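Colleague: What follows is each chain in one-letter form.
Protein chains: 4
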Amino acid sequence: MRVRLASRQLAANLSDADATVQSMPDASPAKWHLAHTTWFFETMVLKPVAAGYEVFDESFNFLFNSYYESVGERQPRPKRGFVTRPSLAEVLAYRDHVDRAMETLLESDLDGDLTDLIELGCHHEQQHQELLLTDILHLFSQSPLRPAFTDPEPISSEARETAPMTFLPFEGGIVEIGHDGSGFGFDCEGPRHRTLLEPYRLADRLVTNGEWIDFIEAGAYRDPMRWLSAGWADIKANGWTMPLYWEKRDGTYWSMTLRGFQPIDRAAPVTHISYYEADAFASWAGKRLPTEAEWENAAQGLPLSGNFASSGRLRPLPAEDLDAGPRQMFGDCWEWTQSAFLPYPRFKTAAGAVGEYNGKFMCGQFVLRGGSCATSEGHVRATYRNFFPPEARWQFSGLRLAEDG
Amino acid sequence: MRVRLASRQLAANLSDADATVQSMPDASPAKWHLAHTTWFFETMVLKPVAAGYEVFDESFNFLFNSYYESVGERQPRPKRGFVTRPSLAEVLAYRDHVDRAMETLLESDLDGDLTDLIELGCHHEQQHQELLLTDILHLFSQSPLRPAFTDPEPISSEARETAPMTFLPFEGGIVEIGHDGSGFGFDCEGPRHRTLLEPYRLADRLVTNGEWIDFIEAGAYRDPMRWLSAGWADIKANGWTMPLYWEKRDGTYWSMTLRGFQPIDRAAPVTHISYYEADAFASWAGKRLPTEAEWENAAQGLPLSGNFASSGRLRPLPAEDLDAGPRQMFGDCWEWTQSAFLPYPRFKTAAGAVGEYNGKFMCGQFVLRGGSCATSEGHVRATYRNFFPPEARWQFSGLRLAEDG
Amino acid sequence: MRVRLASRQLAANLSDADATVQSMPDASPAKWHLAHTTWFFETMVLKPVAAGYEVFDESFNFLFNSYYESVGERQPRPKRGFVTRPSLAEVLAYRDHVDRAMETLLESDLDGDLTDLIELGCHHEQQHQELLLTDILHLFSQSPLRPAFTDPEPISSEARETAPMTFLPFEGGIVEIGHDGSGFGFDCEGPRHRTLLEPYRLADRLVTNGEWIDFIEAGAYRDPMRWLSAGWADIKANGWTMPLYWEKRDGTYWSMTLRGFQPIDRAAPVTHISYYEADAFASWAGKRLPTEAEWENAAQGLPLSGNFASSGRLRPLPAEDLDAGPRQMFGDCWEWTQSAFLPYPRFKTAAGAVGEYNGKFMCGQFVLRGGSCATSEGHVRATYRNFFPPEARWQFSGLRLAEDG
Amino acid sequence: MRVRLASRQLAANLSDADATVQSMPDASPAKWHLAHTTWFFETMVLKPVAAGYEVFDESFNFLFNSYYESVGERQPRPKRGFVTRPSLAEVLAYRDHVDRAMETLLESDLDGDLTDLIELGCHHEQQHQELLLTDILHLFSQSPLRPAFTDPEPISSEARETAPMTFLPFEGGIVEIGHDGSGFGFDCEGPRHRTLLEPYRLADRLVTNGEWIDFIEAGAYRDPMRWLSAGWADIKANGWTMPLYWEKRDGTYWSMTLRGFQPIDRAAPVTHISYYEADAFASWAGKRLPTEAEWENAAQGLPLSGNFASSGRLRPLPAEDLDAGPRQMFGDCWEWTQSAFLPYPRFKTAAGAVGEYNGKFMCGQFVLRGGSCATSEGHVRATYRNFFPPEARWQFSGLRLAEDG
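Those protein sequences? They're chains B, H, X and S, same order as listed. With UniProt numbering applied, the first sequence corresponds to residues 1 to 405, in that order. With UniProt numbering applied, the second sequence corresponds to residues 1 to 405, in that order. With UniProt numbering applied, the third sequence corresponds to residues 1 to 405, in that order. With UniProt numbering applied, the fourth sequence corresponds to residues 1 to 405, in that order.
Derived from the structure by calculation, the hints contain no laboratory data. Computed from a prediction, not measured in an experiment: that's the story for all the values here. Each hint should be verified, as a subset may be incorrect.
With a straight-line Cα cutoff of 27 angstroms, these simulated DSS-like cross-link-like pairs (lysine-lysine) come out [unchecked claim]:
# : chain 1 : residue 1 : chain 2 : residue 2
1 : X       : LYS348    : S       : LYS236
2 : B       : LYS236    : B       : LYS287
3 : S       : LYS79     : B       : LYS248
4 : B       : LYS287    : H       : LYS348
In isolation and in its complexed conformation, chain B is listed as follows (with noise of 0.2 angstroms):
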């Protein structure tokens, strides 16, 4: 279980408050996640089929459900960070136990649907991986203090040079995407489909902080013929006037980052925005945004590497990598698409509580495509779909542009 130890070790540097509050409804208390994903296999995998698997806790049960209305009441998702106790080592604890049996388990014959289910744990923790950290940078953000998850890194000082950006042509035609159920893919990833493109053409790198900084400065926070309506309407209530841990201080740009607070690396891709402010780059650039079928015909056969959460930072294009092909697809941040989350041709929600997993949210969210500096590693591929609905900016995102060809 090597993805299970990854989670204890996002957990090495946190202290039993950091692991416990919450602080804002759509994050989750450290604590919440490590507990979660160990009550994902208790409850769908050690309960229903390990012979003689003692509970842990019976009241775990309604402290560490997320959403699963058919496994009965829970915590309210607001009020996770009211639950002092179980305390952090408490949870790790819990962990041990529930890894212990999953041993056990693992050693015996296991049928395919078992199988399955378990891999599907495995994914389900490091989603809960990258929200431990993007939930942690919130809560961190939220101090006046700005504590530091990791070690400060400098940046070096020398003034970068970003390439410019190069649009690379794909042809239209009908293409297949869509997981074909070799392998891993959650539920939303299938079933594998043709689909039909125009022509288009695809940046062969992400936007960056640099280019950001001229679109703030051309004064694009304040113009409302650039921004949907919603969009607008959230940028005045909400005074937003550059990306979420953003700050001006006599004349330079700082950001909250998990290793601090660091000055702005213009050359590094932009991160921390929402729909709205991906949608509007791209109009004030005169491109677009791609649609997830455009990302994932252009991702397909491109190799998974990238910039995980071994490093949880957001590198600039390294000045030698100079191939023609796209580049920061997987592990920098993960790139607003204009497709709304919706199911794929003939796609069936799964019987039973895993059929809550992804199907209940296609509505009011749009698709994300790639992976973060904050995504675990081997978790990535051309087909995962992820999605957050068009105001979200605590997540890594950013944006690629695209146009018509």
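Here the structure of chain B is known, so what remains is to put chains H, X and S in place on it, guided by the hints.
Modeller: Same frame as chain B, now just chains H, X and S:
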């Protein structure tokens, strides 16, 4: 200007107070609809091109602009109901003034762009005619007296049988949808483009009130497993147990209508439901909603006959109407589709103020197709894309089922 | 029924729409005031005692009950503005119907309780006459056209000097305050009782607009040290920088009034201020607000002359009015006192519905004394206790300073 | 510094997480209470006068200032729970640092003003000790596990009879109340002054849980006629049907307490009620709440013995305690009075930061007298004026009845 006259006729049943009050931020006062559609002609047509046109009242630009950021400041939407002056009579005088100037203008030689703009103004006015009706219904529903907008009409007392629902098969493949630019269409209806459909089947008629009562009585409003996550949250937060305007009294379902408070007609199409409810019903029935492309593909070539605003009343399907094609496609209720309102491939926003017409709403809304009993005759077509947020219920919105072929 | 006629005269300037709209939950539509005061006579007087009285419309009990829980359900207060029907004309017909029945009743022999109740109804109506004016002013202030309720009156262009404020000394000791039961008084004005005052001094006149401008320009609205904690929270939350209805344009202060948008008259009393602002001003000036007992002790025996609703306009103190007593005690603006609205010793709530008149509001409100330019003549007296929550600003509320003797 | 030690003892039962979380904006984290009281000594005493004092951490001024506008910016109150660092252990180290410096200072010759300030700091700390308990109770009540702060104590199973309530007569006349400046008192307790009382009678004991259950079961929470208007609005908006922390299970009333979830003891005083509930109970019982002057007049000269924080538990009245005077005046629960929290005659706000202590809260609050089972011993006196808004229920607040003499 036959279209303009129709607005006036709608106002004939309204007092100055009826026409002034705004009963929720989503709705607008009737007076505002009457003036805003007039302002559109004055601002977009007369002021730029009509030599010697005298503006009726300079203050009306502030009062009756809807959301055109490019045309200046405006009365905040939730405060439209605080404008007690000008009175309804003055607004009607404003209409006369603008209509006379438009008539003079129409007698001259107009270039094509101008003709297009005037045509847009007429279709814009038809949209507001429908909103005037839905908004008045909402206002009257808020009064304990439940006034009727038009004379009640007796509901036939004989129990009518609704013919069983049949699913009509459609082949998949590459089809064309969208407006081709001949005749009028809103910008978002085009460009016409190819899309790929899998085989599917579409119900021959709308879901009825009687079928909806079965859904209610099966406990669907209390079962979270039926609902999109956001829908279930809304159901609980708002305490919804039946469509908007419905009430149950002594075991019988009643509803507020434009003809006052009336018992439900089981054979008529259900309406005043949200996207969430439409989706939940489809899930409960083991079916799904159609995509907008599926709907449009089925609608192409059908006669645009229906049951329009001249009636303002939802009627059951006539028993004799038993041909093999889809029925009730136009003029009964708007049909929720499972498609988010997003740009078609190669869609470009128009330049200038009319460019704010549709594009900036392409976020967070679902497409509805067809047209309702409150839609103006001549305002429907197969390519028409209406859109509302998933929680909206005050329109005449219903549903038709679909399934994979 | 001279009082009843006065209400009608106030309505003469209003259209059906003016009289119907509600511009905030605290305010009520003019039509509602006109009908509710009528409902009071119908419900409390005619229905119980007038033989053969025919109720004008059964539905009006639901529509026009204000807050009498004992008299049944009622239209929720924030939805009073959704009642477009009955029209203003019908409400006036309702008034005629009830007035005729009241005239018949008044020709008969009435017992004392009934006479008292009718007198209460007249005073109740006078209260609503004032509210009708303050509520119309609020409504008209929400319209960008800023309509005038009455004809504007030129403000004398010559700069007027305000006489310096003088503090009049009052000895302490045991004094009597409160209504002694002779003549009309609301229940909360009594019983008359002894209270102990320390020596104090009371300003001879009200604080003026000019003095208030000094307070603004000294930065008081930006200095938290001046404010009650709840007041400072409101100042910040609402962005208050001057009294309600004020605006600064090109260095000059203007205000929305019943006579339309007008430049501020520096010599007139300041009004439309909250308790928080009155308290902060007094603190800034090194003084305090008087208690209600101090005010009443000073007011006893003064003539009830003033500047009443017949004028509806705040006038400066006439220069010639230089006698030695306190001036502007009645009929300019309501004066905030530092006394919470609480029961006098031995106060008992009246039995029945009229018992809901005042007692149930004895929480969270401050007492105002005097009477304003919008108060009906004949409605003021030294014992009168008006009350509003500390944040209320839409009444004609101002202040008079006091200090310890 | 015995007072300082008591705070530490309260913290002994708390984990880092327990001490960090904030369960509502009205409450503060335990860690915050521990640090803020320390900050008070550091900021008000050590920094101004202790030569060579080294500030423990400069950032703590921002973190642990409560509401002193004059001492600079501060962490917004609703975000106090987001400060996971410093940890509880670091806050305790901060306490040690400041305590050592204070001990050094106390060995030197101090002038009277400084001694007064230090005494104020100790009383201030005692106030926060009580808040720490009430805030932890609120936090623990939000957790589905309902942890106990201290060990549960068995409730005697034998049914106890509560002696009937007796009303003790007090003569009216001019009495003196308020703090006379000898010994410690908060600024708002003075100056001592004369006030005039009418004859009155005061209950010899507090209202019990058993009597409150009668009130509940008489339907009082459903009868609007019993309630202040604002109280009834709160009752309905919040769905209150019993005191805070109470639940009814299988016909028995239970309550969350510092000793965990416990059955209600009918003989113990009722607590965790709002002013609205206290007032409604008194009205239902045909009595009224006492004024604060009536309460203080009765309390003068009584021994300050009670049932203090050492116990943290509300006990019934001992049967043997049958002397003729008022009982349970101190150390059971805070008793709501019908007096608004307003300045006494000739009250002056102190200069400097401590002047923000009480005066700025003199609006919208009611006075409570006595002291509760969570109050520190040595912190009560007859002149003590506690105050809370009428809707507050998370304090140990109860009531004693009064009536006119």
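Colleague: Now tell me if each hint is right for this structure.
Modeller: Hint by hint, here is what the structure shows:
1. X:LYS348 <-> S:LYS236: 26 angstroms, holds
2. B:LYS236 <-> B:LYS287: 24 angstroms, holds
3. S:LYS79 <-> B:LYS248: Holds, at about 22 angstroms.
4. B:LYS287 <-> H:LYS348: 11 angstroms, holds
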